[in-house]
Amino acid sequence: MDRLFRLAESGTNWRREVLAGTTTFLTMAYILLVNPFMLGQEAGMDFGAVFVATAIASAIGTLLMGLLANYPIALAPGMGLNAYFTYTVVQGMGIPWQTALGAVFISGVIFLLLTATRIREMIINVIPSGLKHAVSAGIGLFIAFIGLKNAQIIVGSEATFVALNPDLFQKEILLTLFGLVVTVLLMIRKVRGAVLLGMLVTAVVGMISGVVAAPKGIFSAPPSLAPTFMKMDIAGALDIGLFTVIFAFLFVDLFDTAGTLVGVSSQAGLLKDNKLPRAGRALTADSLATISGAALGTSTVTSYIESSAGVAAGGRTGLTAVTTAGWFLVALFFFPLVESFASVAAITSPALIIVGVLMAGSLREIDWKDLSEAVPAFLTVLMMPLSFSIATGIAIGFILYPIGKIFAGKGRQVHPIMYVLAVLFITRFAFLGAI
Numbered sequence: 002m003d004r005l006f007r008l009a010e011s012g013t014n015w016r017r018e019v020l021a022g023t024t025t026f027l028t029m030a031y032i033l034l035v036n037p038f039m040l041g042q043e044a045g046m047d048f049g050a051v052f053v054a055t056a057i058a059s060a061i062g063t064l065l066m067g068l069l070a071n072y073p074i075a076l077a078p079g080m081g082l083n084a085y086f087t088y089t090v091v092q093g094m095g096i097p098w099q100t101a102l103g104a105v106f107i108s109g110v111i112f113l114l115l116t117a118t119r120i121r122e123m124i125i126n127v128i129p130s131g132l133k134h135a136v137s138a139g140i141g142l143f144i145a146f147i148g149l150k151n152a153q154i155i156v157g158s159e160a161t162f163v164a165l166n167p168d169l170f171q172k173e174i175l176l177t178l179f180g181l182v183v184t185v186l187l188m189i190r191k192v193r194g195a196v197l198l199g200m201l202v203t204a205v206v207g208m209i210s211g212v213v214a215a216p217k218g219i220f221s222a223p224p225s226l227a228p229t230f231m232k233m234d235i236a237g238a239l240d241i242g243l244f245t246v247i248f249a250f251l252f253v254d255l256f257d258t259a260g261t262l263v264g265v266s267s268q269a270g271l272l273k274d275n276k277l278p279r280a281g282r283a284l285t286a287d288s289l290a291t292i293s294g295a296a297l298g299t300s301t302v303t304s305y306i307e308s309s310a311g312v313a314a315g316g317r318t319g320l321t322a323v324t325t326a327g328w329f330l331v332a333l334f335f336f337p338l339v340e341s342f343a344s345v346a347a348i349t350s351p352a353l354i355i356v357g358v359l360m361a362g363s364l365r366e367i368d369w370k371d372l373s374e375a376v377p378a379f380l381t382v383l384m385m386p387l388s389f390s391i392a393t394g395i396a397i398g399f400i401l402y403p404i405g406k407i408f409a410g411k412g413r414q415v416h417p418i419m420y421v422l423a424v425l426f427i428t429r430f431a432f433l434g435a436i
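Per the numbering used here, the very first residue in the sequence shown carries number 2; after that it's consecutive.
No lab work stands behind these hints, which were simulated from the structure alone.
What you are looking at is a predicted structure, and each value in this text was computed from that prediction instead of being measured.
Please note: incorrect hints may appear among the correct ones.
Distance ranges between label pairs, derived from CB positions [what the hints assert, rightly or not]:
#  : residue 1 : residue 2 : range
1  : Val-185   : Gly-211   : 20 to 26 angstroms
2  : Leu-178   : Leu-5     : 25 to 31 angstroms
3  : Thr-161   : Glu-366   : 29 to 35 angstroms
4  : Leu-383   : Arg-16    : 24 to 30 angstroms
5  : Phe-334   : Gly-242   : 38 to 44 angstroms
6  : Met-208   : Pro-417   : 57 to 63 angstroms
7  : Ala-214   : Gly-412   : 56 to 62 angstroms
8  : Val-182   : Gly-211   : 16 to 22 angstroms
9  : Ala-214   : Leu-20    : 40 to 46 angstroms
10 : Met-208   : Leu-20    : 56 to 62 angstroms
Positions of the beta carbon are idealized from the N, C-alpha and C atoms, including for glycine.
Kindly generate the complete structure, drawing on both the sequences and the hints.
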């Protein structure tokens with residue numbers, strides 16, 4: 002292990018790495034409940050198969066990251082991308098989930114091709130920093146809004162479109178608020194695995210109060226993967242109308258992964274001359290994870306910022322990631338718990354709201370004093386929850402940014418690729434309507 006993962010060279014040992022990998026798993030294990038809820042219950046896919054696909058795809062991606070790149074970074078289906086898959090593509094656009102999986106698969110293949118060339122680096126460099134942070138923050142607001150909606154805290158209104166539920170004292174809503182408060186308190190106290198622990202505490206209180214049904218067991222053989230395995234419709238996803246869908250999957254994955262890799266690697270002291278060694282291998286692992294995830298039956302697999310918890314616990318090498326991957330495989334045998342708890346919005350909604358809060362932190366990186374930066378960023382953030390579409394928010398920002406820079410007399414500072422993307426998005430709106 003020392004030779005394979007360079008433990009001594011990295012100033013660590015196998016005990017510390019295993020502890021770090023376990024810590025990372027605990028901080029992100031909530032995805033095993035949230036993803037089957039979104040793709041299974043909300044998008045019409047088989048709940049059990051999505052659970053298995055989530056666990057295996059996470060294990061594959063994390064294992065590749067550990068073995069190929071030797072980084073202590075874990076992967077799983079991305080929060081925000083699973084919401085886009087479910088609520089915008091499947092529910093909003095009426096696209097079958099098989100076709101949506103095809104779009105995820107294609108985006109993964111494109112990501113792999115971009116990684117094998119210099120194009121990936123060029124794209125990352127030409128997209129303005131403000132827009133990158135706006136997309137992250139907008140996804141955070143979108144996810145939090147979904148959590149509030151699923152919990153029935155926010156409801157529809159003929160007069161105001163949306164409104165606060167006038168009856169907040171329903172048992173389900175009170176349980177959601179309890180779970181939110183408990184999770185926030187745990188996070189403030191920096192408790193490891195606060196989100197997962199908050200969900201478990203909420204589930205126990207829910208069972209005591211009669212809101213949540215007791216699980217039929219704790220351990221069982223994993224459900225069948227057959228209902229989702231290799232069911233992606235690649236031909237259907239190649240329709241010209243799905244260009245924006247594929248682009249949204251690709252764009253968010255590209256920058257979410259790049260940001261996570263740089264952020265976690267910087268925390269671990271792995272950057273050299275402000276550059277990430279073996280970045281190509283890390284991005285290759287990410288793209289292969291997305292491709293395999295689509296084949297198994299789940300939305301885009303991406304690097305998780307929760308990996309920083311494992312780094313804080315001492316993780317410095319790929320052995321941390323390998324340990325996390327092992328825990329994802331062990332989790333396959335806890336399906337009875339997931340089946341009972343994941344379908345209850347009061348348990349999953351606090352996690353969505355908390356993740357939204359964390360992602361909204363990107364707002365501080367936007368230059369609010371420069372209106373040519375602030376307006377496109379603000380409308381990108383605002384339009385995601387209001388239009389219930391991540392792709393629409395991205396499109397609005399990419400259209401307004403070059404226009405704003407032209408009127409600010411800074412048109413030459415905008416890379417030609419940004420103008421091309423703006424024209425493509427305008428054309429998409431003009432001929433195919435809303436995204």
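Exercise. What hint numbers does the structure not satisfy?
Worked result: Failing hints, ascending: 2, 4, 9, 10.
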